[in-house]
Every structure is written in C-alpha cells, then in structure tokens.
Amino acid sequence: MSTRRFPDSVIDGFIKYNEYMRISFHKMLAYRVSYLIGVITYIIHVSVYYFLYKALYHQSHTINGYDLQQMVTYVAIGWISKSFYLNYIDRELTEEVKSGHVAMDLIKPIDFQLMCFARGLGQSLFRIVLFTPPIIIVTTCMFPISGPASPVHMFFFILSTFLSVLIYSGINYTIGLLSIFFLSISGILYSKNMIIELLSGLLIPLDWFPLWFQKFSAFLPFQAIAFLPLKIYLGRLDGSGLVYAISLQFLWVIITMLIGRLVWKICQRQILIQGG
Amino acid sequence: MALIEVEKLNKVYKNFKRKEGLKGALVNMIYREYDEIRAVDDISFSINSGELVGYIGPNGAGKSTTIKMLTGILIPTSGRLVVNNLIPYKQRYEYTKQIGVVFGQRTQLWWDIPVIESFKLLRKIYQIPKDHYESRLSKFKNLLDLKPLLNIPVRKLSLGQRMRCDLVASLLHNPDVLFLDEPTIGLDIIGKLSIRQFLEKINNELGITIILTTHDLKEIEALCKRLITIDHGKILYDGDIDGLRSCYTLNRSITFQLIKNFDFDNLEQKLKFDGNVTLERLDQLRLKINFSNESLNPAKIIENVIKEVEVHDIAIEEPSIEEIVGRIYSGKKN
Ligand SMILES: Nc1ncnc2c1ncn2[C@@H]1O[C@H](COP(=O)(O)OP(=O)(O)OP(=O)(O)O)[C@@H](O)[C@H]1O
Ligand SMILES: [Mg+2]
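Protein chains in written order, with my numbering: chain P, 42 to 317; chain S, 366 to 699.
Bound-form chain P, shown alone:
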C-alpha cells in the first residue's frame, strides 16, 4: 500500500474525544428555550420539596437524623448536582440507532463508548457553565441552605459528583444500547429515570427507608450517583467512611463501564443499520 498511516498517540486520542465534548457543548447552546424551561423546572422541583418537607417537619424537629435545614440542603444540593451529572446519551443513542445514523459513527476510528461519554461530558460542561449557576443563585436566595461541612468535605463532594457523572453515563450508555434489541425503548428509558431518582436517594434520603431496602440499595450503583455525594456534602461521612464512599464510586465507574463494553460486544452482533 502506498498510503501512510498515522499512529495513535494518547494525547491525540484525548483530543479526538475532546472534540466530541466540544460539539455537544455547542449543540446545547442551540436550544435556548429548553434551557430556560430547564432552569425553571429545577427551581419548581426544589420549591415543591421545600414546602413538602416544611409541612413534614411541623411536628418534629428531626426526622431520621435530619433536621429541616439539613433536609432542605439535601434536596437543593441534590438537584443542583443533578443539573450537572444529568445527560441524554441514552436518548441520543436510541435516536441514532432508530434512524441508522449510528453508521456514521461506526465508519470512523473512534471507540463508541468513549465517544458517548465525551458527549455526556460535553453536556455536563455546558450545564456547569450556564445551567447550574442560575439554579445555585436562585435556590440559595430562596431557601435556607447550609454550606458544605468543611473545605475538605467540599473537595470530596466535587470529586464525588464528578464520579457521579461517570457512573450516570455508564448506566445511561448501557440502557441506551438496549435500543439495538428493541427499536422502541421510551418505556424503558422512562422507568430508568424513575428508578434512578428513587434509588439514588434524590427524592428521599436512602436512610429513611427500611433497613432491608437500605441494604438492597447499597448493592446497586444508583446510590453512588446522589446519596453518597450528598452525605459527603452534609458531613455525614468522615475518615474511613469517606474513603470507602469514594472507593465504592470508583469501583462503580469501572463496573458500569465494563458492563457497557460487554453489552456493546453483544449488541454489535445484533446491530442492523437501518435505511439505505
């Protein structure tokens, strides 16, 4: 062959996925209306929970070890971090498979999973720059929210939330791949969102649940998305507990990524490029 090939280097590899991140960022910029609606939706959610918990705390000062201020902080910070870790790679993947556009990714020298992750990170980046700040400002003005337990806790909270992004992406990617088996998976995606909201502890702290349920959810990746980072923020984890939580998150990052790769291997055999 006359042609010269160019070897991959790590840095070039990184740049490649960085580009996918950038594109996703720009895509988000294009949807200004849904951006505004998104900000308002988040604030409504936090408000609803605020009034709900306020009513709940009418009779007792603390419930299951949380006082009202902690609870409000839990909810607000929960939604603020959700505004960061959320992404739509599952939906995008489904649409790509349905339309057959996935072919256009497969003809390029890219790792499909890393590409999807990069897209997810691009969306997160967009949010941290433009979406999360207004939510932080409005919610802190409206509700009594405490700061992080300590600077150390703040640091680990940020690290932990970043790991949430990866775990969330790992789950989203794997679920999105199911569209290769079932052409319509909107039902699955809907229940996935409900399950993540519940089992991640976003709606109700997981230690409010019966013991058996807590034990059950401790074995699942979802609690690592919201419950663990929030416990760190509130200062409910220290020392070895903190190290354990972060290590557990790391473990889930790796496991969800590996499962994603495995499912992709199986899917590849099934994938039918629609159209043409």
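Worth flagging that the hints you see were computed from the coordinates, not collected in a lab.
Below, in silico cross-link-like pairs of lysine-lysine (DSSO-like), each with a Cα-Cα straight-line distance of 30 Å or less:
| no. | chain 1 | residue 1 | chain 2 | residue 2 |
| --- | --- | --- | --- | --- |
| 1 | P | K149 | S | K566 |
| 2 | S | K521 | P | K68 |
| 3 | S | K384 | P | K139 |
| 4 | S | K599 | P | K139 |
| 5 | S | K590 | S | K566 |
| 6 | P | K68 | S | K506 |
| 7 | S | K489 | P | K139 |
| 8 | P | K149 | S | K455 |
| 9 | S | K379 | P | K306 |
| 10 | P | K233 | S | K382 |
| 11 | P | K139 | S | K388 |
| 12 | P | K149 | S | K506 |
| 13 | P | K139 | S | K382 |
| 14 | P | K149 | S | K521 |
| 15 | S | K379 | P | K233 |
| 16 | P | K68 | S | K485 |
| 17 | P | K149 | S | K485 |
| 18 | P | K68 | S | K512 |
| 19 | S | K489 | P | K306 |
Covered stretches of chain S (chain P as the covering partner; in silico rule of three or more C-beta atoms under 8 Å from a C-beta of chain P):
| no. | stretch |
| --- | --- |
| 20 | 435-441 |
| 21 | 460-467 |
| 22 | 472-484 |
Now the in silico label distances, taken between C-beta atoms and shown as ranges:
| no. | chain 1 | residue 1 | chain 2 | residue 2 | range |
| --- | --- | --- | --- | --- | --- |
| 23 | S | L508 | P | I236 | 53 to 63 Å |
| 24 | S | E570 | P | L171 | 43 to 53 Å |
| 25 | P | W253 | S | E372 | 51 to 61 Å |
| 26 | P | P174 | S | R403 | 54 to 64 Å |
| 27 | S | H497 | P | D279 | 53 to 63 Å |
| 28 | S | R520 | P | L155 | 18 to 28 Å |
| 29 | P | L171 | S | N424 | 39 to 49 Å |
| 30 | S | R403 | P | Q315 | 16 to 26 Å |
| 31 | P | Q315 | S | I517 | 20 to 30 Å |
| 32 | S | I395 | P | P192 | 53 to 63 Å |
| 33 | S | I517 | P | I300 | 36 to 46 Å |
| 34 | P | L155 | S | I517 | 21 to 31 Å |
| 35 | S | L387 | P | L303 | 32 to 42 Å |
Just so you know, even glycine gets a beta-carbon here, dropped at the ideal spot from N, CA and C.
Using the hints, position chain S with the ligands against chain P.
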C-alpha cells in the same frame, strides 16, 4: 492477493412478524415468529487495487446490505470478507482508517456546524498531520468548487452541495478504498457530472479503489470498467460492460434514409438475409432493418442495401445499457 475478497457471503435479516389486533399482540408477547430475508445470498467476488467497480441492481437487491458489510458496520451471517488483509467488522477501528464511505442518504458531517469545522474535526478524529490535511483539502476544494460552501452549516446546504462536501470528508484521511452508496441520488445533471469527473480523477491519479452503487446506468457506463449486477441477493453478472453486451441476444436496428422513393416489396424480395431479420418501412424515404446481434453484423447489411438502392444517410441504433440491464433484472436471457 486482491484488495477485496468476498467469498460465499450471506446476510439474513430476521423480521419479527407482527400479528394484528389485541389477541395478536398478546400472542406476540409470548411467541414470536420471524420472517427470514436473505438480503445477500452466497455472493463471491474479488476486486483488485485501483479498480472502479459499479455495483447495481433493482430496489431491494441487496446493494446497501453488501456495502454495509464491506464497510464493517454490519456483521455477515456467514462467509468470508477480507479487505486489505483486515476483517472489517472484527478490526473495525483499524479498518476505518483505511476506507472512506459515503452514504448518499445521510451525511457524516455535523449538522449544525460549518463544513470547515466538520473537516477540522475529522482531521482530529483521523489524526491527520496538518500539512497532509491542508494539501488534500486545497486540492479537493478546487476540484469540487467547495470554497463558497465551507463556512455554511451543513443543514443549510442543498443536496448536491452537501454531497460534494461529504465526498471530500470521506477522502481527507487518504483512504485506500472508497465505498459509495448512491452518491448521486437526487442530483441534477451538472452535479452528477462534477462528481463523476471527480471520481474518475481520484481513481486515476490517486489510485483509490472505488466501489459505487447507483441506479443511474449512464453513470456506470461512463465511469466503470467493471460491473457487478445483483438481484435478490445473488450476483447475476460480473464483468466488463462490453462483455455484458455480447452476453445477451439484443435487437439492433439500422435506419436508411434513401434518396428516392422505393418499392418496399421489391426490396424485401431482393434482400435476403440469414437469421432473424425484418424490414420495416417508416415512410416514403426511410427503411428500417431490425436484426439481432447474434446473426449478422451491421456492415454486411449495409453492404447489401447499398447494392440495391441509393442511400443518403445511415443511423445504427445500439441497445441502451438500460435496455440490457432491464433485461437482466427481469430475468430474461433473450
Ligand atoms: N434492517 C433491515 N431489517 C430487515 N430487512 C432489511 C433491513 N435492511 C434491508 N432489509 C431487506 O434486505 C433486502 C435488501 O435491502 P438493501 O437495502 O440491501 O437493498 P438495496 O439494493 O440497497 O436497494 P435500494 O436500491 O432500494 O437501495 C430488502 O429486501 C430489504 O427489505
Ligand atoms: Mg440501497
């Protein structure tokens, strides 16, 4: 060894049979029946480096399915498929660096960003050194007149403009093989012509092997030396275009424009040919002779006619490539 080797390649799609009505839906939940569609049926061919091959067939023949397997995005049900010593679907990552792909129905460019940005992105994805990238881009830019398009987002381009950009996108990383699935679908004559000339040029000058599907047979005739025809997943013909002509019994005709009014019956009596030949009077001055290419050659007929009458002009009608291919599609040998 050939660049592309395909041996007993098969692709079977399983289509889930949906039963109608509520009862059917319930039955479907438990018991699923499948229809099997053999889109590619035991095909074999090999293509050498530098060839420009037309891959044609009627709708649903299995062309796109073949191209999808050749480009590594669809896994064959069975059979052997090797391109450039790689197995496309197994070594997809490595393989994609060596091929360029254009699906006329879609774009590999990013919808919302200017074309030039998409190109820059591709440079990073394929890790093309800057100087290579720039020299190739400036060359293609001139050949396809892309300059006015580069700063426009893809969604604002016309079909023909987009296709030209997609074509360049598929070539930036200097592939050995270019796969094109209906690259001129929906294009006007000028658009088709410019793509045709471009393909000819890159095939000749850069030695890029090209496999192209199309429904435009004129294009095939002008561009490809070799033709593979497929229908119902099976190869019907594989060879050069002239060979295709001689392969079939075809009706040709010669029309003579005469100087004087002629006596048709008399002439018919005098002109006696072997084989299947019919004479036809078109009008006072025109005589048409229909014959098949098996029995006679035109020179013989002309020679005989000139002996009998004075001729002003002669027109020989060749069967069009459409006619021949139409014959292949409809399965008639004669
Ligand atoms: N994803 C799919 N699932 C099931 N059957 C399919 C699928 N894709 C193609 N087929 C079937 O396989 C056969 C070949 O299709 P293919 O797209 O390869 O045809 P084609 O030669 O490209 O036709 P056209 O000229 O219309 O583009 C058709 O009968 C089609 O219905
Ligand atoms: Mg097709």
